[in-house]
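K.L.:
Listed below are the residues making up each chain.
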Amino acid sequence: MTCFSTPLAGYLLLAALLFAIGLAGALTRRNAILVLIGIELMLNAANLNFIAFWRFGPHPEALTGLMFAVFSIAVAAAEAAVGLGLVIQIHRHLKTADLDQINRMKG
Amino acid sequence: MSPVFVVLAALTVAGSIAAMTLRNLVHCALAVAVAFAGLAMLFLQLGAEFVGFVQILVYVGAVAILVVFAILLTRATEDSKAGAVFSRTWLSGLVIAAAVFAALGWAVLRSMQGLARGAEQPEVTVQQIGEALMSRFVLPLEIVALLLTAALVGAVIVAMFDREGAR
Numbered sequence: 076m077t078c079f080s081t082p083l084a085g086y087l088l089l090a091a092l093l094f095a096i097g098l099a100g101a102l103t104r105r106n107a108i109l110v111l112i113g114i115e116l117m118l119n120a121a122n123l124n125f126i127a128f129w130r131f132g133p134h135p136e137a138l139t140g141l142m143f144a145v146f147s148i149a150v151a152a153a154e155a156a157v158g159l160g161l162v163i164q165i166h167r168h169l170k171t172a173d174l175d176q177i178n179r180m181k182g
Numbered sequence: 097m098s099p100v101f102v103v104l105a106a107l108t109v110a111g112s113i114a115a116m117t118l119r120n121l122v123h124c125a126l127a128v129a130v131a132f133a134g135l136a137m138l139f140l141q142l143g144a145e146f147v148g149f150v151q152i153l154v155y156v157g158a159v160a161i162l163v164v165f166a167i168l169l170t171r172a173t174e175d176s177k178a179g180a181v182f183s184r185t186w187l188s189g190l191v192i193a194a195a196v197f198a199a200l201g202w203a204v205l206r207s208m209q210g211l212a213r214g215a216e217q218p219e220v221t222v223q224q225i226g227e228a229l230m231s232r233f234v235l236p237l238e239i240v241a242l243l244l245t246a247a248l249v250g251a252v253i254v255a256m257f258d259r260e261g262a263r
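Taken in sequence, the protein lines are chains A and B.
Residues in the first sequence are numbered from 76 upward in steps of one, following my numbering.
Residues in the second sequence are numbered from 97 upward in steps of one, following my numbering.
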């Protein structure tokens, strides 16, 4: 446990890397579904931060970080459902999910 | 760094990079499922068993299936071989992401000595979590229930009607 334990900074750096990968995907991919997946990756990186701070924080018995992660997962699931429904509807209207071609909100 | 952490971190990062760069959308969905599973195992390794299993149920189970369904429903008219994978403005997006990572990494590394040292593994049972959900966190729990109901109804209504208003 002493020489093999990972410090908090390791988890934080991993979460930062995942966030950056998700952000890069959300900003650069052309397909709307992949943009949503990038947003999910960013939310997951934030969850990893919550859990890591809960684990290494001074009061893990208060369960705050854990609870925040659970609620964050629930909100992210709702967001994914609504987002994918919107993508399906946009595809039905405009016959494409390519964000470079979707340039108007009027149906 | 424990070897378990290194392996899980490599798996998660590889899965997310593959999900964001592969051309075939179904491959992307499978890669992101791998990344979610790696994150779930990281949660388990951190001692948050409940959140780890919730992550497996919600992300590897539900969200990955939802993404696969959305891909199959929207792919019919797409020509997967034609066209670029990345947007025209990919360079600026990449620069922004790299700048964000640099800022976050700089902040983490700079505050390293101020960060908490590894305390002993906290013992949290599911019973404790359930009691906390029913007492201290009962209001957020109810709000999340309302949010999930609204999202369910909203997603069905958004995806139900087509252009002519027919179902």
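These aren't lab readings, by the way, just hints derived from the structure by calculation.
Remember, predicted model here, so these are calculated numbers, not experimental data.
Just so it is clear, CB atoms sit at the ideal spot from N, CA and C, and this is done for glycine as well.
Warning: the hint list may mix true and false statements.
As the list claims (entries may be wrong) - Derived coverage of chain A by chain B (criterion: at least 3 residues anywhere in the stretch with Cβ under 8 Å from a Cβ of chain B; other residues may be distant):
| hint | segment |
| --- | --- |
| 1 | 81-92 |
| 2 | 117-126 |
| 3 | 129-143 |
| 4 | 146-160 |
| 5 | 165-177 |
K.L.:
Each hint: holds or not?
P.N.:
Verification of the hints:
Residues of the segment 81-92 of chain A with a Cβ under 8 Å from some Cβ of chain B number 11, which satisfies the need for three, so the listed coverage holds. As drawn, the segment 117-126 of chain A meets chain B at 4 residues by the rule of a beta-carbon pair under 8 Å; at three or more, the given contact holds. Counting residues of the segment 129-143 of chain A whose beta carbon lies closer than 8 Å to any beta carbon of chain B gives 10, which meets the minimum of three for the stated coverage. With 13 residues carrying a beta carbon less than 8 Å from a beta carbon of chain B, the segment 146-160 of chain A meets the three-residue requirement, and the given coverage holds.
Counting residues of the segment 165-177 of chain A whose CB falls under 8 Å from any CB of chain B gives 9; the rule of at least 3 is met.
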